[in-house]
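Working from the sequences, and respecting the hints, build out all of it.
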Amino acid sequence: MNFYQQGNKIFIDWQVKDDYYLYQDRISISGENVLVGHINMRDGQPYHDEFFGDVNIYTEPLLIDIPLSQYQANAKLIVQYQGCAKAGFCYPPETRIIDIKPFSFDDASLDKINAVNTNTEKTAPPAATQTRDNELTDQLGKSWWTPALFLLLGIGLAFTPCVLPMYPILTSIVLGGGRRSHKQALLLSMVYVQGMALTYTLLGLVVASAGMQFQAAMQHPYVLIGLSVLFVALSLSMFGLYTLQLPSGLQTWLNNLSNKQQGGNLLGVFAMGAISGLVCSPCTTAPLSGALLYVAQSGDLLTGGIALYALALGMGIPLIAAAVFGNKLLPKAGSWMERVKVLFGFVLLAAPIFLLERLLPEFWSSVLWSLLGIAAFGWLYHQKNALPFGGWKQSCVGILAILGLFASAQPILDHWFGTPSKNIGSEVSIRFIQISNVAELNAELAKAKQARKPVMLDFYADWCVACKEFEKYTFHDASVEPVLSQFVLLQADVTKNQPQDIELLKAMDVLGLPTIEFWDANGNAIPVARLTGFVAAEDFLQHLRKNQLIDTLTP
1 MNFYQQGNKI
11 FIDWQVKDDY
21 YLYQDRISIS
31 GENVLVGHIN
41 MRDGQPYHDE
51 FFGDVNIYTE
61 PLLIDIPLSQ
71 YQANAKLIVQ
81 YQGCAKAGFC
91 YPPETRIIDI
101 KPFSFDDASL
111 DKINAVNTNT
121 EKTAPPAATQ
131 TRDNELTDQL
141 GKSWWTPALF
151 LLLGIGLAFT
161 PCVLPMYPIL
171 TSIVLGGGRR
181 SHKQALLLSM
191 VYVQGMALTY
201 TLLGLVVASA
211 GMQFQAAMQH
221 PYVLIGLSVL
231 FVALSLSMFG
241 LYTLQLPSGL
251 QTWLNNLSNK
261 QQGGNLLGVF
271 AMGAISGLVC
281 SPCTTAPLSG
291 ALLYVAQSGD
301 LLTGGIALYA
311 LALGMGIPLI
321 AAAVFGNKLL
331 PKAGSWMERV
341 KVLFGFVLLA
351 APIFLLERLL
361 PEFWSSVLWS
371 LLGIAAFGWL
381 YHQKNALPFG
391 GWKQSCVGIL
401 AILGLFASAQ
411 PILDHWFGTP
421 SKNIGSEVSI
431 RFIQISNVAE
441 LNAELAKAKQ
451 ARKPVMLDFY
461 ADWCVACKEF
471 EKYTFHDASV
481 EPVLSQFVLL
491 QADVTKNQPQ
501 DIELLKAMDV
511 LGLPTIEFWD
521 ANGNAIPVAR
531 LTGFVAAEDF
541 LQHLRKNQLI
551 DTLTP
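The numbers in UniProt numbering rise by one with no breaks, and the one at position 137 of the sequence shown is 137.
Errors might be hidden in some of the hints.
Said to hold, decoys possible - For lysine-lysine, the following DSSO-like pairs were computed, each having C-alpha atoms within a straight-line distance of at most 27 Å: (1) K546 to K468; (2) K393 to K449; (3) K86 to K468.
No wet-lab data here; the hints were simulated from the structure.
In structure tokens:
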């Protein structure tokens, strides 16, 4: 990082070399005894990280200019940033303090700067406008599957036993009881669906807005468990154990209000669609509630609004088809509609597993997914009996159900009948001892020397991607855990980069993370065994053998 000052402006320049990158959201600039104005900084390129999700990074040199005002004595600019190497090596967050040279700045100049900034925001140049457009495009691109999934969900809801029989009635209401051309019918039905979609979109925006404010609270274990219980309750209603719907009095009032609207004209049809969006029938209450809970969890206004719009649009597609082509395209009501309803019950059961995965060990998460798959495909296998015996439909459904059952049961079968190290009786659980300073490190090394055990020290931080990869793919691998269980395992969490963390990093001459240090059973440090950057399980074991760390272990 380089910088220079020109009058009341500071220019900062990061020379990002090949195979390195900066995190955009880790760049933070604040002033001390000086006011920092609007910072001009381009957006980084989108990057999907397995552990951090969707982030923006800079892989090329970055130059920003920072306008300053209201200078006082001893003014400073505090710049924080963090970079990583693509090879899997992250550097601790850097903090640079820039001393600001005195500059003249009167009130008239301040008003001029504010006017320029205001004008810039109101009439952004083409480049800035393009940046904001790219932000929306990138955001939609990252979550493109969400609206598509909600669209399919809406189409599926249209074929539930509570909704499908209403389409002929809605068609006659929308068209006003008269014969209309295909063009007129298409226009009126589209307007009706847009009215319904408006209600759903507003619901999505409101819930997503609340989700952004309380997103941190939504991650609390009690909240996740509570939401999981709610999803289970919603799914049980889809299985027919009970019915969820609005109070009958409120439903009647909304229906009467809808019926008062005049069919056949655009404004009346739009109003009917908006009101019908509030009349949650028994079949749509549970999926709609689940959709709103999902949107609240995401806390994303754009995706939340578009997702609920797509849900309403999917529910309206059969209505448009019925209005334009009559009832010929709609399938006849029957027992198959109840099966669609049950299918949505299984879909809703997937939501609590998604939520509980954040709390449960990986094994129990896989068990829950297996049980859900076994239940769903077992139900599908049972449903084949309703199809004509010996027909191709029954054969296809039966084959699909059997393949799904085997695939769902595979994780459980692997656990119980796989390698011995994966059985519950012989599973090894390793535990790291947390240290935070040099004194604690020396104390643990003395204990390990007395116990004649080798030592491994892992420098870890939440912002280090490769550190998380070590945790997930290497340390807890079935072949690695039994070996590491014979080490004294130490871990220094330097996430906050506090003074004691910096002191420990300097004492061990650690430049970045991940870094792993080793000591033999006699308490001697092994500098050549130091690991920097991610190493997979097999290579990790080979590294231990190469440095004679495994050979020193007693079986």
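Hints the structure fails to honour: Number 2 only.
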